[in-house]
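The chain contents come next:
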Amino acid sequence: MTCDQLQQDYTSYALGIADEPERAEIAEHLARQCPVCVPGVASAMSTVTAMSGAVKLVQPPRHLRRRVQAAVQPKPKAWSLGAILPWAITAMMSVALILIGISGRGPGDTAKLERALSILNDPATRDVTFGETGKPSKGRVFVSPSKGVVFIAASLPHIDSGKTFELWVIPAKGNPVPAGLFQSQSDSTAVFVRPGPVENAAAIAVTVEPDGGSAQPTTTPFIVTKL
Amino acid sequence: MFAPGITLPGVLLALEMSSKHDVDLARRLQRRDSTAMGELYDRFGRVAYSVILAIVRDGSLAEDLVQETFLRVWNRIHAFEAGRGALGPWLLAIARNRAIDHLRSLSARMDRNAFELDLREHPSLFIDMERDVLNADHARVIRSAIGKLSANQQKVIELAYYEGLSQTEMAERMGEPLGTVKTWVRSALKHLREELGQAVAA
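Protein chains in written order, with my numbering: chain C, 1 to 227; chain D, 1 to 202.
Simulated from the structure, these hints should not be mistaken for laboratory data. Check each hint, because a few of them may be wrong.
[To be verified] Sample of chain D residues at the chain C side, in silico, Cβ under 10 Å:
1) Leu-61
2) Thr-69
3) Ser-150
4) Ala-151
5) Val-156
6) Gly-164
7) Leu-192
[Said to hold, decoys possible] Here are the computed lysine-lysine pairs in the DSS-like style, where the Cα-Cα straight-line distance is at most 30 Å:
8) C/Lys-56 with D/Lys-182
9) C/Lys-173 with C/Lys-138
10) C/Lys-226 with C/Lys-173
11) C/Lys-163 with C/Lys-173
12) D/Lys-190 with D/Lys-148
13) C/Lys-56 with D/Lys-148
14) C/Lys-56 with C/Lys-138
15) C/Lys-56 with D/Lys-190
16) C/Lys-138 with C/Lys-163
[Claimed, not checked] Chain D stretches covered by chain C per the calculated footprint, using a threshold of three residues with CB under 8 Å from any CB of chain C:
17) 38-51
18) 77-83
19) 86-99
20) 166-173
21) 184-191
Just so you know, even glycine gets a beta-carbon here, dropped at the ideal spot from N, CA and C.
Looking at chain C on its own, in the form it has when it is part of the complex (with noise of 0.2 Å):
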């Protein structure tokens, strides 16, 4: 059909109540950019457009804005490391900065937060997450060869009591370097900062320990992670 014979229906069209074969007869010039059909359903449009300014106005619930925009905001996905790491860390952070700045209310634990954030901010560090691979720990640790060691990790096994939890830094050659010790909280989390220099770190390793420590690990690493 021609656009001239289609020009009756443009309306009707732009209403979806065009029947055959006018129906898709408009189509197929819109489809093909039509330079006279485009325009004229695009005119017919606006004329259904006014139609919709002249409904009758209604107020919405008020809870449908917040429906819709979360709609569009970003959703970590489920079970996914990935995913849920930067609310992890953020979270994790938070933890850390409660328990070092609220329980911090002398000097030494202002120091502590101070080197921890400097460890962060230090464009050489790099950082690393673990527990990808169906470990039940996980996290992220973050290496500054010039200031030290931020490790963050949730899901931490049980240890009995008499026992500590040993981090270690493992170089390319050599054996590996006690770290520090420390525990978990009750929620299986931990957030350690063991500040200085480190060393040609190639990987870092935790494992579980006799109170004190130990200088070479006793058990089986459960967590190690290359840099």
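Please arrange chain D on chain C, whose structure you already have, making use of the hints.
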């Protein structure tokens, strides 16, 4: 509703159509700025909800369809020409299509050509549209124009806008010959277009 024999009821639509604001809003949506979604809702949420509710007549369902409408705008905003497209008219076309599509039976929806629905929502149809087509004056013109239609013409406009019935379906519903219904539809829409055209030109 466009009830036969009476003028259109309704509160005057008082949307301030600031074209610059719409251009900025569209660009922010294209940059995936989720706060722009709240502003888009502030601007068109009420009218979109009103259109959808008038069609589906169920508040809970209308909420679902409003969300679907805004999500569709969010997902397709990259095809929208921010500098030239009319954001509100595009969104309202999507809103009405979502509602009408829901009204239709499952089989009718399956018969319906999704490609064609996309064509009727294509952003190219909203380029350079009169940006104030949604203003209160035009709403008044449309209501007045519908008030001047014959009862049968008003009925077909109501069935067309609120139910999306094809002219064949209208003929069956009204028990009238298809040719007669087509004449009513064409003459009624022509009248609305002309009245609106005069208002735009004025």
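Outcome of the hint check:
A hinted interface residue such as D/Leu-61 counts as satisfied when its beta carbon comes closer than 10 Å to some beta carbon of chain C; here the least separation is about 13 Å, so the hint is violated. Here the hint on D/Thr-69 is kept, as its CB sits about 9 Å from the closest CB of chain C, short of 10 Å. For D/Ser-150, the suggested interface contact is broken, since its CB lies about 18 Å from the closest CB of chain C, more than 10 Å. Contact between D/Ala-151 and chain C, as hinted, is not supported at the beta carbon level, the nearest pair being about 18 Å apart and thus beyond 10 Å.
Of the supplied interface hints, the one on D/Val-156 holds, with its beta-carbon coming within about 9 Å of a beta-carbon of chain C, less than 10 Å. Taken as an interface hint, D/Gly-164 checks out: its beta carbon lies about 5 Å from the nearest beta carbon of chain C, inside 10 Å. Of the supplied interface hints, the one on D/Leu-192 holds, with its beta-carbon coming within about 6 Å of a beta-carbon of chain C, less than 10 Å. In summary, the hint linking C/Lys-56 to D/Lys-182 is supported, as the alpha carbons are separated by about 27 Å, within the 30 Å threshold.
A hinted pair counts as satisfied when its Cα atoms are at most 30 Å apart, and C/Lys-173 with C/Lys-138 qualifies at roughly 26 Å. Between the alpha carbons of C/Lys-226 and C/Lys-173 the distance comes to roughly 14 Å, so the proposed pair stays at or under 30 Å and holds. For the hint linking C/Lys-163 to C/Lys-173, the alpha-carbon distance of about 28 Å falls within 30 Å, and the restraint holds. Of the supplied pair hints, the one linking D/Lys-190 and D/Lys-148 holds, its CA atoms being roughly 13 Å apart against a limit of 30 Å.
Among the hinted pairs, C/Lys-56 with D/Lys-148 is consistent with the structure: their alpha-carbon atoms are about 18 Å apart, no more than 30 Å. Distance hint between C/Lys-56 and C/Lys-138 is unfulfilled; the C-alpha atoms sit about 55 Å from each other, more than 30 Å. Restraint check: the Cα-Cα separation between C/Lys-56 and D/Lys-190 comes to about 23 Å, which is no more than 30 Å; the hinted pair holds. For the hint linking C/Lys-138 to C/Lys-163, the alpha-carbon distance of about 20 Å falls within 30 Å, and the restraint holds.
Given as covered by chain C, the region 38-51 of chain D passes the check, having 9 residues with a CB less than 8 Å from a CB of that chain where 3 are the minimum. Note: the region 77-83 of chain D has 0 residues with beta-carbon separation from chain C under 8 Å; the three-residue rule is not met and the coverage is violated. Given as covered by chain C, the region 86-99 of chain D passes the check, having 8 residues with a CB less than 8 Å from a CB of that chain where 3 are the minimum. Figure legend: the region 166-173 of chain D, annotated as covered by chain C; annotation consistent (4 residues with Cβ-Cβ distances under 8 Å, at least 3 required).
Given as covered by chain C, the region 184-191 of chain D passes the check, having 4 residues with a CB less than 8 Å from a CB of that chain where 3 are the minimum.
Hints 1, 3, 4, 14 and 18 from the earlier list are contradicted by this structure; the remaining hints agree with it.
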